[in-house]
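S.K.: Each chain is listed here by its residues.
2 protein chains.
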Amino acid sequence: MPQSPEPQSTPVESAGQPPLDLPADVAARLKHDAAGLVAAIIQQHDSKEVLMLGWMDDEALRRTLSEGRVTFYSRSRQEYWRKGDTSGHFQFVKSVALDCDGDALLINVDQVGAACHTGTTTCFDGRELAAVVGHRDA
Amino acid sequence: MPQSPEPQSTPVESAGQPPLDLPADVAARLKHDAAGLVAAIIQQHDSKEVLMLGWMDDEALRRTLSEGRVTFYSRSRQEYWRKGDTSGHFQFVKSVALDCDGDALLINVDQVGAACHTGTTTCFDGRELAAVVGHRDA
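Sequence lines, in order, name chains A and B.
Per our numbering, the very first residue in the first sequence carries number 15; after that it's consecutive.
Per our numbering, the very first residue in the second sequence carries number 15; after that it's consecutive.
Hints in this document: simulated from the structure, not taken from any laboratory.
No incorrect hints appear here.
Same chains, same label: a pair holds when it works inside one copy or across any pair of copies.
When the alpha-carbon atoms are kept at most 20 Å apart in a straight line, the in silico SDA-like pairs for lysine to any residue are as follows:
1) Lys108 x Glu81
2) Lys45 x Cys130
3) Lys62 x Gly140
4) Lys62 x His149
5) Lys108 x Leu143
6) Lys62 x Gly82
7) Lys62 x Thr135
8) Lys108 x Glu73
9) Lys62 x Gly133
10) Lys62 x Val147
11) Lys45 x Arg89
12) Lys45 x Glu142
13) Lys108 x Val147
Hey, can you work out the whole structure from these sequences and the hints?
M.R.: Okay, here's the thing in structure tokens:
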């Protein structure tokens with residue numbers, strides 16, 4: 015039986031490519047801010063803890079949808095960064111959803127280690143603000 | 015003693031109330047985008063579902079911290095809106111945390127009814143994007 019060529023499936027990052035564009039229907043739904051970014055909420059898929067919030071432009075989202083790991087765009091450094099490449103604290107993608115008005119992504123992940131660069135599990139741990147609590151029957 | 019003039023503090027919308035300024039230590043930690051806003055992730059406090067993402071300037075955050083209900087700033091309409099005032103779908107504040115770099119809030123709420131203006135429970139329901147799933151041992 016003749017060998018069939020390896021199908022061009024999931025794009026792999028590394029030298030030379032990015033093979034795919036962001037799907038046109040997804041690109042059309044994105045509502046960017048003035049810097050061309052949308053917000054990406056990162057949630058641990060099983061515990062449902064909200065781990066962090068990052069920013070994505072179309073290319074960061076394209077990589078995230080196609081690589082199985084989360085890539086952000088750093089507003090301060092103005093560059094792409096793939097979570098875990100320097101820390102080992104990878105975020106493996108479990109699902110991605112885009113909200114009703116196209117300016118926020120909810121990405122469920124399997125987080126390896128601490129999500130926060132400060133070493134806390136989430137970027138919100140121990141950072142509560144004093145707030146008045148509301149009640150349905152107040 | 016001569017009367018000193020009223021300090022020019024936080025502008026107050028609507029007649030007569032909001033008593034407090036945003037605490038100075040909180041204001042100092044906020045890292046706004048070009049439009050003066052930070053992202054606010056809204057999570058149902060018990061189920062841990064992420065309901066929606068909105069935007070807040072300092073005044074919207076001040077109101078949220080002091081009123082027991084969530085107030086956003088609408089980027090499209092350029093005005094404050096308090097969730098539930100027109101829909102009845104109130105968001106009662108349970109806790110508020112500001113992330114490590116000051117550009118995102120995580121607000122746990124008790125949500126009355128649907129969080130999304132389209133009628134879905136969350137703004138992400140039924141809006142999944144096709145994505146490659148990643149694994150720790152891939």
